[in-house]
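Colleague: With the hints as extra help, turn the sequences into a complete structure.
In my numbering, the protein residues as written are 12 to 260.
No lab work stands behind these hints, which were simulated from the structure alone. Built from N, CA and C at the ideal position, the CB exists for glycine as well. Be a bit skeptical, because a hint or two may be false.
[Unchecked claim] Computed Cβ-Cβ distance ranges for the label pairs, DEER-style:
(1) Gly235 <-> Glu207: 17 to 25 Å
(2) Ala146 <-> Val82: 31 to 39 Å
(3) Ala43 <-> Asn14: 22 to 30 Å
(4) Gly235 <-> Lys196: 21 to 29 Å
(5) Gly160 <-> Leu117: 20 to 28 Å
(6) Gly153 <-> Gln211: 20 to 28 Å
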Amino acid sequence: MENLPGSVTEPDGSAIVRVLSYNIRSMRDDTAALARVIRACAPDLVLVQEAPRFFRWRKAAARLAGATDLVYVTGGASAAGPMILSSLRAHVERAEDVLLPHTPGLHQRGLATAVLRIGGARLSVVSAHLSLDAAERYEQAGLLLDRLGGLGEPCSIVGGDLNDRPDGRSFGRLAERLQDAWATKPWGGEFTSVPERPYQRIDAVFASPGIEVLGCGVPHALPGVTRDDLLAASDHLPVLAALRVPAAV
Numbered sequence: 012m013e014n015l016p017g018s019v020t021e022p023d024g025s026a027i028v029r030v031l032s033y034n035i036r037s038m039r040d041d042t043a044a045l046a047r048v049i050r051a052c053a054p055d056l057v058l059v060q061e062a063p064r065f066f067r068w069r070k071a072a073a074r075l076a077g078a079t080d081l082v083y084v085t086g087g088a089s090a091a092g093p094m095i096l097s098s099l100r101a102h103v104e105r106a107e108d109v110l111l112p113h114t115p116g117l118h119q120r121g122l123a124t125a126v127l128r129i130g131g132a133r134l135s136v137v138s139a140h141l142s143l144d145a146a147e148r149y150e151q152a153g154l155l156l157d158r159l160g161g162l163g164e165p166c167s168i169v170g171g172d173l174n175d176r177p178d179g180r181s182f183g184r185l186a187e188r189l190q191d192a193w194a195t196k197p198w199g200g201e202f203t204s205v206p207e208r209p210y211q212r213i214d215a216v217f218a219s220p221g222i223e224v225l226g227c228g229v230p231h232a233l234p235g236v237t238r239d240d241l242l243a244a245s246d247h248l249p250v251l252a253a254l255r256v257p258a259a260v
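Modeller: Structure follows, in structure tokens:
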């Protein structure tokens, strides 16, 4: 398996950005293994789902950022689970957490959103974790797209645990407007759940049409990371993408 391109700013100002989407199950598993996996992916952006949301959640987020040589951008309890971390390569222009309409009896859901500059590129970023309920999930997919449009940037990246497969209505609603990075240029593995015997793709990275997808998938071989690390880190496998984002006009 060829390696994904590394992070770089091109002479024309465009930027190759490495994006990791990862459901980390509230850091209830082996946090040392989790940190090894994230570091080995060498991401510029980590779009987290199920970040710690309760007691001392900010300290847990800071601990994860410190262990992975990243910085906290936004999200966590204030977004009902989604969170964004970044490398120092990213300059954060603004960030906001959004709580989605809540159906009584179901989990509160939200979005972590940010607008960043990396090299000469400017982009909006959203981390999302959609509902287990099909009707609510479909509505949330539409609200996510509305929010993405409201951020006002021509280049956008979404990472999330969709709780839906590519043939599902909610996954399809996003894929109608955005590039499903795995489908556009598959790399590595496809299935993200469950780590012991992956059989479905419910986690994904999406990119707006102006972004070039250089590769996307579940990494099979990471430096310093064993299969046991991937099994111990979370109950999902990570999705890693390399994307070329054009320079901002």
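Colleague: Does each hint hold? Answer for all of them.
Modeller: Hints and how they fare:
no., hint, result
1, Gly235 <-> Glu207: 17 to 25 Å, "holds, 21 Å"
2, Ala146 <-> Val82: 31 to 39 Å, "holds, 37 Å"
3, Ala43 <-> Asn14: 22 to 30 Å, "holds, 24 Å"
4, Gly235 <-> Lys196: 21 to 29 Å, "holds, 26 Å"
5, Gly160 <-> Leu117: 20 to 28 Å, "holds, 25 Å"
6, Gly153 <-> Gln211: 20 to 28 Å, "holds, 23 Å"
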